[in-house]
Amino acid sequence: MQESRRERKKRETRQRIVMVAIKLFEEQGYEQTTMAQIAAAADVDPKTFSNYFRSKDEVLWVGTERDFDVLFRAIAERRPEEGPGEVLARMVQEYAAHRRPKVPPKEPEELSATARLVLNTPALQAKGLYLLLDLQHRIADELQKAFPGRLDPITAAAMTGALLGAIQQASWASVQLGRSQDELWEAARHAVDIAMQGLRSVRPHDEDA
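Each position in the sequence shown, counted from 1, maps to that position plus 3 in the working numbering.
Each hint can be trusted.
FRET-style restraints, in silico, Cβ to Cβ: (1) T51 to A176: 34 to 42 Å; (2) S58 to A100: 23 to 31 Å; (3) Q35 to W175: 20 to 28 Å; (4) R203 to K26: 40 to 48 Å; (5) D196 to R8: 38 to 46 Å; (6) Q200 to A43: 49 to 57 Å; (7) N123 to E189: 21 to 29 Å; (8) G32 to D155: 41 to 49 Å; (9) P83 to M22: 42 to 50 Å.
Note that these hints are calculated values from the structure, not bench results.
As the structure is a computational prediction, the values presented were derived from the model and not from experiment.
Don't be surprised by glycine CBs; every beta carbon is placed ideally from N, CA and C.
Using the sequences plus the hints, can you model the full thing?
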């Protein structure tokens, strides 16, 4: 569907706030930067900022919760011929197809700036770790629901951790090496390929030979 003028304006405003916030975080520190400062620098009213973000840390994880629904829906729509590994592989593919067109183009310097912020700011490290662990737990739960009584919680947790951990680490490595955004996507895809070599070997209990 074609983006409406109003939707485009909202997207552009959101992107401007994000870009300005990261710049301020880099220049004066995350803890020292206030929501009011970000709003002023982005030339928006503080109330407008609050309409887009409930807190300043949300600027770095904009839209993640809505996008995560794509992951859970993909698992819920498991196909009869799919094992747990195939479900996770398709989940990642559908998420990438949904998410990547929405991510504005970024230069390697911008990607590195965000990475430095998260790695060097304890509050953001904690937030990032919480989001990752919570997502892994929720995906593992959905994976078990897709294979009721046939996939134990330990296996589901191990599979989810292996896949998301591979993607996260490969992505961070790409950013730290100063690679481009396209190379970052490719690093994530390569991580999935590596993880899937083991994940495809897992079969539900009643399919064991």
